[in-house]
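Based on the provided sequences and hints, a complete structural model is requested.
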Amino acid sequence: MNKTLIKRHEVTTRIYLLLFEICLLNILIESALATMAAPEDQAPNIIFILADDLGWSELECYGNSFNETPNLNRLSHDGMRFTDAYAAAPVCSPYRAALLTGKHPARIGILDFLRPDSVNALDTSYMTLPESLNEHGYATGMIGKWHLTGYAYHGAAREIRPGDHGFDWDFGGEIKSVGNGANFWPYVFRDQPIPWIDIPNNRLGKEEYLTDRLNIEAVDFVQQHRNEPFFLLLSHYAPHTILNGRPDLVEKYKAKHAPGKSTRNRCYLCEDKGLGRGDPDHHWAGDHNPHLAAMLESIDEGVGMLMEK
Numbered sequence: 009m010n011k012t013l014i015k016r017h018e019v020t021t022r023i024y025l026l027l028f029e030i031c032l033l034n035i036l037i038e039s040a041l042a043t044m045a046a047p048e049d050q051a052p053n054i055i056f057i058l059a060d061d062l063g064w065s066e067l068e069c070y071g072n073s074f075n076e077t078p079n080l081n082r083l084s085h086d087g088m089r090f091t092d093a094y095a096a097a098p099v100c101s102p103y104r105a106a107l108l109t110g111k112h113p114a115r116i117g118i119l120d121f122l123r124p125d126s127v128n129a130l131d132t133s134y135m136t137l138p139e140s141l142n143e144h145g146y147a148t149g150m151i152g153k154w155h156l157t158g159y160a161y162h163g164a165a166r167e168i169r170p171g172d173h174g175f176d177w178d179f180g181g182e183i184k185s186v187g188n189g190a191n192f193w194p195y196v197f198r199d200q201p202i203p204w205i206d207i208p209n210n211r212l213g214k215e216e217y218l219t220d221r222l223n224i225e226a227v228d229f230v231q232q233h234r235n236e237p238f239f240l241l242l243s244h245y246a247p248h249t250i251l252n253g254r255p256d257l258v259e260k261y262k263a264k265h266a267p268g269k270s271t272r273n274r275c276y277l278c279e280d281k282g283l284g285r286g287d288p289d290h291h292w293a294g295d296h297n298p299h300l301a302a303m304l305e306s307i308d309e310g311v312g313m314l315m316e317k
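Residue numbers (my numbering): 9 to 317.
Calculated directly from the structure, the hints in this document are not laboratory data. Do not rely on the hints blindly, as some may be mistaken.
Claimed, not checked - Cross-link-like lysine to any residue pairs, in silico, SDA-like; alpha carbons within 20 Å at most:
no., residue 1, residue 2
1, Lys-184, Lys-264
2, Lys-317, Arg-234
3, Lys-184, Pro-124
4, Lys-184, Ala-165
5, Lys-214, Asp-199
6, Lys-111, Tyr-134
7, Lys-260, Asn-72
8, Lys-214, Ile-202
9, Lys-262, Thr-249
10, Lys-264, Val-127
As C-alpha cells, then:
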C-alpha cells in the first residue's frame with residue numbers, strides 16, 4: 009500500500025458480519041453502503057462484526073419467521089449473502105485465532121476453546137490482521153469478547169490481550185473468563201465476587217445491557233476515527249448461552265406467539281427463578297426463543313447504528 013493511499017481521509021466504510029455457529033457454519037455479509045466501489049486511491053475502513061454461536065437459520069434473511077433483524081436484512085439485500093460457507097473450527101478460540109492470523113488452528117496450536125487457567129494463548133510470534141493493518145496506517149480497535157488466552161485471575165502463566173496483537177485500543181474484554189450470562193451492569197454472573205467483563209463505568213443507566221453498551225462504544229470508535237483509515241472488530245458475546253435478552257425486547261417476542269417446549273433440562277436462569285432441574289413442564293425454557301430473538305435484535309440495532317455513520 010503506497011503512502012498516498014493511507015493519507016486519504018475521506019474513506020469508504022464496509023461492514024463485514026461474521027456469524028459463527030457451532031456446526032461449522034459461518035456467513036460473511038459485505039454491505040454495499042455505497043452504490044459504487046471505492047476509488048482506487050482510497051483506503052477502505054473495515055468494520056467486522058462477530059456474533060458468538062449464531063446459526064445461519066436464526067436470521068430473518070435466511071428465512072427465520074420469528075426473529076426480527078431488519079438491518080441485517082438491508083445488508084443482505086444490498087450486499088452479499090453466502091449460502092455455502094465454513095468456519096475454520098467448531099468452537100471459539102481456534103476459530104478466532106484463525107480469523108486473526110489467517111492460519112489453520114493446527115498450525116497455531118489452538119485446537120479447542122481455551123479454559124480460564126489455560127497455559128496456551130495466541131502467541132505474539134504470530135502476525136495478526138490488526139498488526140498488518142497498523143503497518144499500513146490504520147487505527148485498530150477491538151470491542152468485546154477476546155477468548156484467546158488464559159487469565160491471571162485463574163492462575164494462567166501468561167495473559168495475552170488484544171493490545172499484544174496490534175490493537176491500538178480495546179474495550180469490554182473478559183477479565184477472568186468469557187462471561188456468558190453476565191449481560192447486565194455491573195456484569196457480575198450470579199453471586200460471583202467480581203465482574204467478568206472489563207467495563208469500568210455505566211453509560212446507559214441501571215439496566216445497562218451489554219450488547220447495547222458494546223454497540224455505542226463501536227459507534228464512538230467510528231466517529232473518533234472517521235478522518236483516518238480504521239479497522240474495528242466488534243466481537244459480541246451474544247447470542248451465546250446463557251440466553252438473557254433485554255427485558256423490553258423479550259416481552260415483545262413473548263407476545264408474538266408461544267414457542268415450543270425446550271429439550272434442555274437445566275438452565276441457570278431457571279434455577280435463579282427457583283425452578284428445579286429436569287422438569288420440562290415447569291421449566292423456564294419456554295422463554296428461551298424470546299430471549300434469543302431479543303439478543304439478536306440488540307445485535308441488529310447496533311448494525312443499524314453503524315450503517316448510519
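Item to check | Indices of hints not satisfied (ascending) | outcome: 1, 10
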